[in-house]
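*Asks:* Please build the complex by placing chains B and C on the supplied structure of chain A, with the hints as guidance.
Chains as they are written, first to last, in full-length UniProt numbering: chain A, 1 to 370; chain B, 1 to 575; chain C, 1 to 346.
Derived from the structure by calculation, the hints contain no laboratory data. Incorrect hints may appear among the rest.
Distance windows between CB atoms, simulated [claimed, not checked]:
hint, chain 1, residue 1, chain 2, residue 2, range
1, C, Ala170, B, Pro400, 28 to 38 Å
2, B, Leu402, A, Asp264, 52 to 62 Å
3, A, Asp264, B, Ile313, 46 to 56 Å
4, C, Asn5, B, Gly97, 33 to 43 Å
5, C, Arg133, B, Pro400, 14 to 24 Å
6, A, Pro153, B, Gly97, 26 to 36 Å
7, A, Gln108, B, Phe336, 45 to 55 Å
8, B, Leu402, C, Ala119, 38 to 48 Å
9, A, Asp264, B, Gly97, 39 to 49 Å
10, A, Asp21, B, Gln42, 36 to 46 Å
Glycine is no exception: its CB is placed at the ideal position from the N, C-alpha and C atoms.
Letter by letter, the chains look like this.
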Amino acid sequence: MLKMLAPFCALALATSAYAQDLDSKSVADLLPLAKKEAKVTVYAFTSRIGRVEEAFEAAYPGIDMVAFDMSSTEQIARIKSEAAAGVAGADVIYISDAPVVLTELASQNLVTRYVPPRMESLVPEQFKSPLLAQRLSTKVLMYNEEAYPDGSPVKNLWDLTKPEWKGRVIMVDPLQRGDYLDLMTEIVLKSDDMAKAYEAAFGKPIALGEGIDNAGEQFITDLFANDLVLVGSTDDVNKAIGAKGQKNPPIGFTSYSDRRDNEDEGWALQVANDIEPSNGIVFPAFLALNATAANPAAARLAIDFMMGDDSNTGGDGFKPFYVAGDWPTRTDLAQHPDAIPLSDFKSWQIDAAETAKIRANVADFVLALQ
Amino acid sequence: MTVPLRRLRPSLARYGLTAAMALILVVLVAAPLATILIQTLQSGGGAWADVLASRLSQNLFWRPATNTMIIGLAVAGGCVLLGGFLAWLVVMTDVPGRPLIAFMATLPFMIPSFATALAWGSVFRNGRVGGAGGLLEGLGFSVPDWLSWGMVPTIVVLIAHYYALAFTVIAAALSTVNGDLVEAAQMTGASRKRILFGIVLPVVTPAVIAGGSLAFAGAVSNFAAPALLGLPVRMQTLSTRLFGMIEIGQTERGYVLAILLIAISAIFLGIGNRILNSRRSFATISGKGARPRRFTLGTMRLPLALLAWTVCILTTLLPILLLLAASLAPSSLSLFSDWTLHYWIGAADPAFARGQPGIFHHPQLISALTTTLMLGAGVVFAANALGLLIAVALTRQKVPVLSNAVSQLSFLPMLLPGIAFAAAYIALYGAPIGPLPALYGTKLLLGLALTAAMLPFAVQTGRATVAQISGDIDEAARMTGAGFFHRLWAITLPLAARGLAAGLLISFVNVIGDLAITVLLYTPTSPLLAVLSYSYASDGFHQFANAVTLVILVISMLATCAATLLRGRRRQTFA
Amino acid sequence: MISLNQVSKSFAGTRVVDDVSFSVPEGAFLVLLGPSGCGKSTMLRMLAGLEQPTGGQIRFGDMLVADGGSGFALPPARRDAGLVFQSYALWPHMTVAGNIDWPLKVARLPAEERRARIAEAMEMLGITQLAQRYPGEISGGQQQRVALARMIAPRPKVMLFDEPLSNLDATLRVEMRFELLKVHAATGATSVYVTHDQVEAMTMASHVAVMNHGRIEQFDAPERLLAEPSSAFVAGFVGTPAANLIPIADGKWLGTIADAALPDIAGHAMVRAETIELADEAGPRTVSVTLAEVVPMAGRRLVTGVANGVRITAITDSTDRLPSNLRFRLPPAAAAIFDSEGKRIS
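Just chain A, same shape as in the assembly:
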């Protein structure tokens, strides 16, 4: 048996040696190899990949990028199934949903880390490991700037549990969407901050209810008890909060970058940045390799391309992602003129590993509430 396995082991070692070799290659060195492969397949959680595809094929004629747009949940299901079936559907994985990706894909080596050599010095360490983050997105508190021209009507997350916001806080059911569950989880993880914020809001130390272990859980409990309105998608949230002409619009958690649709959709979405202790979460979108990528060189080239070129907006490869409300992980790109810089943005950056640890428990906690 061992003898039979030996060649496979050798092959595996050889492949991984080859992979390590590729990892250190520059774009110029990768290009001829990639041209020989002539193709690269990408799973992406956004339709903006279509524009990346065009730009990539223009930049590297002869290499065909085949891009598929599917949600992170679907990608995870697909990647697991493909691994079980022994086929490599994609070379490059562009995916959100960090806690699941790290615990169920990366830890099983179904997807692997690759940081283009060019990026080593440009991306801070926290965004290079365990997987390379390409950009950061948000689920943060947003309000209607038409109804509240003087800024956010809420200064403290705990305000949302007060009677004046009863039935007027809206978000996607955290048991329907992973990123909202991540938000709930982060609130629990940051219980100390939440406890301090409670004192700031109510002028007295927090008293935990029965069966509640920390301030974060207390907040979630109180929020649900305050007739929190749940919907099925962020668009429903945006519409509810942002629609113009409302006298008494609700407030809620959604993506900062959706503000870019204000004009098209007739919304008045604005982010509430100055919130105690935080206005929500910032989370990464990963670029990773399929462990058994059929086109390893082209895959690396594609990741390199999607990290952007040397211009100060990242060029054509990054252009679809250079929008207000999303931030590149690269430190050298120029600030988007319409957005608050990340450094001034008062959000928690999720720690995917920590989140993954208690995420299921938080889900159970939320489940017990509704």
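*Replies:* Just chains B and C now, kept in the frame of chain A:
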């Protein structure tokens, strides 16, 4: 009905068909399900304990299950009443505009239930989720939460969506009710009402039960309506819970919920099956006299027509109109202003719609269209051929245990939320089995899964029709010495053609509109229209998504038109 | 009892029943006989009240039940008539007893009376033991009996039958003919019976109306139809075997065999099978035929041969092997002569 065999035949001929069907169903349905069942048990069954007996089970299972049952039963009842009423009007009476009512009454099922929910919202929504209120609030009425959100609107919207199923099945059965049966009753001097309740309704009971079952099964696994209308008041059903569990990565709990959903529905539908299978499976078609007799409605003609038209318009035109408006209006908040064709035919313009060109510029639209049509046709053919054979096997061959297993298995896919079904397929057939290659990512796998998913429709409609073909006719053919498949082809198939057309229609429409299964199984090289629509929607490009949905709807309507014409011609050859 | 006066029925401009008049006395057993599409079923449906005549009157006794001219039509239930359908039209969701009971219930008979009538009807048809079965569970012959029982239980004055035996196999058919006659005798009701099977007509009818193309070809007693057919159509339709209709022209059988006894016209001569002999050799009025079939019947044999494309049937007592060069000798005189229109001229 037991068909006495005139000649002693080897038991293979007696049970062979049932056995073959059982085998196919095991491959298509039972094995994938067993796979997910095993997955939930592998980790020690913790997920089962969580769902059934933990501090979470109240919210995770019991309350959603109760809601699901209430919705399922109410929708089944409502659909049978509404669909049966329209079917009676169209098939049995002289109500004006019958062909158009018949056509329109099959449409709601093709309209995505989110569009119907949207239509409800546009009239009844209140300010609970902010935004603008509906029509009623615009007129100054205050709409209570129970009418805007939760159980009541979910039930109404699902009835408006699924009554087409009951209509199609009941109308098909009604039109095969032998004219003689009604005339025999007329000879006795019985009143119209008495004939309706004493003769016609009881005779179409199998179809009523089939229609109710379809509506029930559809309602309990529907996701869009409870998600849109139930969530804001935190009403959860098993399907929303199930979807959520899979979405947040708690797959095992999701599978457990899926299995429980199947179990609950199986109990209810088992009762229906019992009634269908009992000795009162009615033989009514004979070779002659199948001309339906029309009641004259007299003074009720116009009021009933008006009622029928109102129902049709509210459940078809209104959602379609809203869908169309939503594919033209830049802002979903004011659907009837600033209309533009950009989302259909516009070229890419960086200043508009985030630079997204209209759907007809989408590079994959045409290939998605052809793939959708070909796959749809193939699946429909396969599912209905199987469905008919299963229906014949169930009606003609009563094999203890095996018949019941076939009957139950053929209905199971109906209860399975598509995403769980797709996951089960991947789990089983994604990897190579012995000498068989892995099917993952092939059109074959998608085709198989869709075929299995369409079986309930094909079998139910097939059964309702085949159950009405009298054994005498088959016996007559048998006496000529015609072999089983020859008889099936020459006798049963032509007689069952109308019912089958209904089955074909339903499953074709279902296939091309299906998303839940397709989205996990589609082959990366050739997306389907539904996938296209979904990926637009998931990026917030609603206008584009709605435009693609309308393309699907147009194809569905063309299919319906064709089927209606086809059936019209058949009727003449029968009379 | 039943009388029709110039009754017509058109569907979308096509006359399917054309100017039909006849009457039958109470207790008669009238058979409407004809090929499919001759209008006999429509006739029956007009009697039942399921169709309205577009012209003429129908009377049951003194009671006018339908008048095509004025559009008057008595509803089916008030004609005191019962109908047995070709398909039996048993209500599949009711038991045998339930099927028989339903019309009585609709007629609001008291429960006790209903019970008695159901028992009586089932008794008469010998189906008492099937009372609690469903139609789908019993055989075709039994279904037929149930349909009969259902029809007679309300004790109609007129019993209508629409090809009731056509779905049964041969043995059952003979048995049911007997049952029908028994029922007819027991109830004394006037019966109208539609069939395309002349054997049924000959064995059951007191009166036969032979119909063709919506018209009555001949209205007569069964034996009269055989003895004196009024048209070539009737001659060719009735009798077992039906009489031979041999084409004649210019005084020649089949246009080739001259016979002084034949009139000098083009038409058909009716020749009964029993008057044709097998001839050993050629002679006057012999015709060479190709053997088509031999049917043994009651100890004798029906021999059918084909000459010039015309089938000719003879009856013989002989049990010998038939010669290969078969010859028929025609009788000296034809039983009847029909002109080219089929009208009888002698």
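*Asks:* The structure should be examined with respect to each hint, and the outcome stated for every one.
*Replies:* Comparing the hints with the structure gives:
1. C:Ala170 / B:Pro400: 28 to 38 Å: With Cβ atoms ~36 Å apart, the hint holds.
2. B:Leu402 / A:Asp264: 52 to 62 Å: Since B:Leu402 and A:Asp264 have Cβ atoms about 59 Å apart, the given range 52 to 62 Å holds.
3. A:Asp264 / B:Ile313: 46 to 56 Å: Since A:Asp264 and B:Ile313 have Cβ atoms about 31 Å apart, the given range 46 to 56 Å is violated.
4. C:Asn5 / B:Gly97: 33 to 43 Å: 41 Å, holds
5. C:Arg133 / B:Pro400: 14 to 24 Å: Roughly 21 Å apart at Cβ, these two residues keep to the hinted range, so it holds.
6. A:Pro153 / B:Gly97: 26 to 36 Å: Since A:Pro153 and B:Gly97 have Cβ atoms about 55 Å apart, the given range 26 to 36 Å is violated.
7. A:Gln108 / B:Phe336: 45 to 55 Å: 51 Å, holds
8. B:Leu402 / C:Ala119: 38 to 48 Å: 42 Å Cβ-Cβ, so the 38 to 48 Å window holds.
9. A:Asp264 / B:Gly97: 39 to 49 Å: 41 Å, holds
10. A:Asp21 / B:Gln42: 36 to 46 Å: 39 Å, holds
Of the numbered hints stated above, those contradicted by the structure are hints 3 and 6, listed in ascending order.
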